[in-house]
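There are 2 protein chains.
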Amino acid sequence: MSDVSTTTSPSPAPPAPTGPPPKVTNRGRTTVPLASSNSDTADIPEFEYFGVVGPRGLPPLTDYLDISGVDMMRRPDEINKKQHHTMFFNSDSLIVRRGQEFQVKITFNRPYKPAEDLFALEFLIGPTPDFSKGTYIPVFPIKQRKITWEGRVTNTSDNVVTMGITPTADCFVGKYHMTVAVKTPYGIRRTKWDKSRDLYILFNPWAAADAVFLDDERERQECVMTEMGIIYHGAYDDIAERNWNYGQFNYGVLDACLFIMDKCEMPITNRGDPVKVTRKASAMLNSRDDDGVLVGNWSGDYTYGVAPTSWTGSTDILLAYASSKMPVRYAQCWVYSAVFNTFLRCLGIPSRVVTNYFSAHDNDGNLKTDIILDENGRIDRSRTRDSIWNYHCWNECYMSRPDLPPGFGGWQVVDATPQETSDGMYRCGPASVQAIKHGQTCFPFDAAFVFAEVNSDVVFYARSKDGTMEPVRVNRTHVGRLIVTKAAGDVTRRDITDQYKFSEGSTEERTVLEKAEEYGCKRDKSELPAADVDLVLPSLEVSVGDDFELNLEFVNHSGQRRIVDAYISGSVVFYTGVPSSEFLFRDPTVTIGPNKTVKELVVVESKNYMKHLVEQSNLHFIATGKVKETGQIITAMKVVTLHNPKLIVTISERGKVNEEMTATVEFTNPFTFSLEDVYIRMEGPGIMLPKSKYYSLIPGGSSLTWTEYVIPQRYGSTRMIATLDCPAIRQVYGQASVAIEP
Amino acid sequence: MSDVSTTTSPSPAPPAPTGPPPKVTNRGRTTVPLASSNSDTADIPEFEYFGVVGPRGLPPLTDYLDISGVDMMRRPDEINKKQHHTMFFNSDSLIVRRGQEFQVKITFNRPYKPAEDLFALEFLIGPTPDFSKGTYIPVFPIKQRKITWEGRVTNTSDNVVTMGITPTADCFVGKYHMTVAVKTPYGIRRTKWDKSRDLYILFNPWAAADAVFLDDERERQECVMTEMGIIYHGAYDDIAERNWNYGQFNYGVLDACLFIMDKCEMPITNRGDPVKVTRKASAMLNSRDDDGVLVGNWSGDYTYGVAPTSWTGSTDILLAYASSKMPVRYAQCWVYSAVFNTFLRCLGIPSRVVTNYFSAHDNDGNLKTDIILDENGRIDRSRTRDSIWNYHCWNECYMSRPDLPPGFGGWQVVDATPQETSDGMYRCGPASVQAIKHGQTCFPFDAAFVFAEVNSDVVFYARSKDGTMEPVRVNRTHVGRLIVTKAAGDVTRRDITDQYKFSEGSTEERTVLEKAEEYGCKRDKSELPAADVDLVLPSLEVSVGDDFELNLEFVNHSGQRRIVDAYISGSVVFYTGVPSSEFLFRDPTVTIGPNKTVKELVVVESKNYMKHLVEQSNLHFIATGKVKETGQIITAMKVVTLHNPKLIVTISERGKVNEEMTATVEFTNPFTFSLEDVYIRMEGPGIMLPKSKYYSLIPGGSSLTWTEYVIPQRYGSTRMIATLDCPAIRQVYGQASVAIEP
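Chains P and A, in that order, are what the protein sequence lines are. Under our numbering, the first residue of the first sequence is numbered 5, with each subsequent residue one higher. Under our numbering, the first residue of the second sequence is numbered 5, with each subsequent residue one higher.
Hints listed in this document are in silico derivations from the structure and should not be mistaken for laboratory results. Misleading hints may appear alongside valid ones.
A pair counts as met if it fits within one copy or between any two copies, since identical chains are not told apart.
[To be verified] Calculated cross-link-like contacts (lysine-lysine; reagent style BS3-like; alpha-carbon spacing at most 27 angstroms):
{"#": "1", "residue 1": "K529", "residue 2": "K150"}
{"#": "2", "residue 1": "K150", "residue 2": "K526"}
{"#": "3", "residue 1": "K469", "residue 2": "K109"}
{"#": "4", "residue 1": "K187", "residue 2": "K199"}
Since this is a predicted model, take the numbers as computed values, not measurements.
Go ahead and model the full structure; you've got the sequences and the hints to work with.
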């Protein structure tokens, strides 16, 4: 043997790399790189020779059919955009929906002779169009030659042929390029690449064969065509509304939505499946894992971005993301769901924003949320996890679920808010609402997680000094108290709790909970005797800055006297339920006669809570108590949402397209202190794109007025919305409706 | 109004950030940060006072119980490691399995009096131990005080108490810290933090209540305890074996496996669920998305790392990853599945490596793989996608599936090889093998994808000059031809194809395919008349460097003469099926008499293919033809795996623990050319850790010998394995068995 040099090395011993490693290629893995960008389309050759031997240069084409012009019929008032419900898009390109015929006009050098001439339209999507991957689609003008998309000549006149093309109802959604190819004896001759022949193909809720087909025109108008929406927040017994301009038809929004799928390198071949598109988008709408659209921030410090409460619509956010290609700051749950809604409606997937009051979070799909009390019944905040949000917003989108057994199509929950644990990733859904209602949490995706969000029990434990614990009370009705969405075609809300749950206490409800347990959801099984004393915290409507009274009721259902050692704690909390600071604590001892009710009055002064307020101004009261005679623990919880002052928005009573009108925002600082670093934002679909104005100081008691001259672009009824945002007070808004005449 | 300064800005207008944004905190989102690291455990206070008022400093403890020593009984020959099947771990720490009692000995300052003394063992995991999250577990010595884990005193003698602790069978898997807490009248007193009281709790296939319970000792011995495995590759009719040292008990491997979960910030609270652990690991074993363990490379250029064919075991890879915290270069499918297997066996999840011959890939769960022919029946490589791998390796792991309806527990497919499309992410599974067999592809995770890997049809299309295409032939038996794994307790292979599929042509098979179609798998529906001529490519066994003959058979089943225009193409291919270069092409015209067979002999000379060889030395022959009389297209495909020369490994006939012995590798270069840049690697479980040696040149025809002196650490039968790797020839290996005496 003759090894010139050898070296032996112990493990681990890969050769030391010098410099950065080269980019790993696909060479032995795939012949063609994966197509995962819709931003550019590779062209196919302008001339494709038949056979190896052929004339050099372009052959003489005098005798043969040649193309002299192509008209995509892409104006909003032409047949395509009207029939395809895409006339509102602010775009010069043709935008159509799949599974439905659209028309293009081709002008030849001479009349078309069907018997001898052969031409085809070719549709290409992505950087490596390929027939076998479905990214290159030739369409012939003769039905019998159909391969996938159908083509037919709908009209001929002189040299002009109008051709009708029907993309399949499951084709990829995105931006295509079209070429016209003519067969000559020497080879195939094609039109030059021209941006004007780009077209967008969207999902089609109007086409029965499309997976997103929704057979209800009123719902389609709301969930695909409506730009102006309402998102509910506050508390279930004191619901607040936030207007939002989804703006899915605004200039650039459609391209931004396609960019989102490009940014995460979603294969083009997955973009026809609404299950895959919505799942991927639920991951991409948040910046976790993947530099997605929105950075979450619940810290109260929004110095380096826009406060989540300040946004009025999605347009700003999506355009900023598409231009900077960097996550936009900042979002909380309603911003995630609002921008997700824009994405879905823009691509043609019917969708709506849903609010769940008392939403169980971060509990990994278990049906138990623990609250720990000390031996005396007082809440032990350091040992209590924080997993009930006052409310949470997610999206529902409408689609068939061919990947599941029959019965689970229809509305599906998707959620873009990053939570701790949803299959270990920051994404959620689509989860069938039907599956959630029936406890069939075994079906993808994340149904068990959403099930827990609306069905968890709250379990109170008493922890003794030596560390042992025992359950003392279970509240089975607190979580998922109410689920609402905006009604279709109306500016009212709709209670859809019954879509998610059978009625409280029904046999069906019990069966469903058992079913879900079979699929691994963990529940509390404690059999606890009902307490004979009830603690009730009544509902309240309070404006920020007001002093108010909390009227705690102790109801004795027993025939004996009862003495209760009670603890009442008031905290300022984020809408996520996380306490910021405790501003009130009382520990009265209350004596209640047999079958009597005693009221305990607690006065809450604004000076105590005002300095602690965080952006959504929620006060959280927990009252607990221990009945001396029985040792039973009693509890009550209440969220009081403080009502903010309002912006007054006024707009000229009647407006006309292309005629100037005025929009005005007025605000009076109702407090005795000054507001600093104030942003006011205003926008109205079809009237005005988002604009913001900065006020460095608004002294206490003083007023401001901001007037804008605007020119409506579109007729129809619409709204102008405005928000005011500053560190001292968030969530101030106002709105005005207006009808624009043509 | 009195705004000192105002600015109006058009959209989008977030205030320009100056400098990098601050780290976004959890402040309003969660009270306690998410625990997702198992590398350090926060301690709890050494003294916890009762009440606000108490003496300063430690109180006098003369009267009270105090701890003077703790013995974790962690030696391999003590009861814990023996009973828990963890005696092979090369680790000083206690390692036990959940759902099964283990013992610790506590020495007090005086005898323990059960009636008056109160103490507890506390187990903590992760940076923020918390009772309600299950990351802080107090265990009392009295059964009645059990909260979750059971405790009991198993023995007392003088001042020493032996306590038995039974972690719940669903507790989190990972590294815990244990403290002993004693109650005194002033508060709770605890032992100081001490690394010697760290313990590891693993999954337990021996415990009936554990989700990974496997009721078969032979399978448990193979799939949890066996370090030395065999991975099958090559072709279904010429199977090759590769030995692999999983090394799950080697020093540092367990910590490396826990580090993998830390690296991806997997919440501690998810680490008790084998479904979540295996799913997450399938993502983390590859470096895509998440800087996981292994970088895939199919390029043939491995200059900056170790060639995938060169590894002999998992230890090197896992230790390198844990120490560098950076992805290790390079892997192909068997390396992913082998290292994944180590991860699973190390944590106690029964697992095995499985090989599927002709595996359909990158087709997104559809049951169709297209091959495009031109008008004459010759393959059009530029239009043909590349999605049948000659073979593919994945893992099966054993667990119950409480998240699915009954019947889908047992073996589950997980796959760490990054593929184009598995739910849009680079991960796959766990998918129930039962669900795959029965076409129940609606259940998570990725069952439809794996179903397609073993069930796709190969569809041949003919493409005419004008671009139209039509299916001309469908091969329904090519894909998923054979599925094998190593037999338990034996060094033979086991055919497990019937676990994945009903027999070809059975009624069940048809039903299953229809079921899968209902769940959205797309199949080819072409009704094609059976051709009356068959094309057969016989099996071949060929050594690299040999000339050989390919004997193509044309079988005419008709009563008429048939003339076939045939095309025979030979290419060097990667094991992924991607062609590297075509080295042979013939286009004979063959005339076959009625009911006759004609053989067409094609001579393949090594000089033609040798210069094109890529690492796995596969030759791929496709023969196609068009029958002149009927226009029918006939096809045949064959992969010929070239056999490499072997390493000769010899080892002293008998060995004894702690006695030196020799291991020798010999190799002769059988070629006329020199081999350059040669690495030889050798390792043997319990005998020798991986070592490698570098030879800059091995001239043609020359031999080398490498002898190592080794000292066995463990008794039992084991194997020494070696690989040789250089750019000109990969996959050269050899092995020798040996029995080590105690």
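Hint-by-hint comparison with the structure:
no., hint, result
1, K529 with K150, "between (62 angstroms within a copy, 16 angstroms between copies)"
2, K150 with K526, "between (54 angstroms within a copy, 19 angstroms between copies)"
3, K469 with K109, "between (84 angstroms within a copy, 25 angstroms between copies)"
4, K187 with K199, "within (23 angstroms within a copy, 79 angstroms between copies)"
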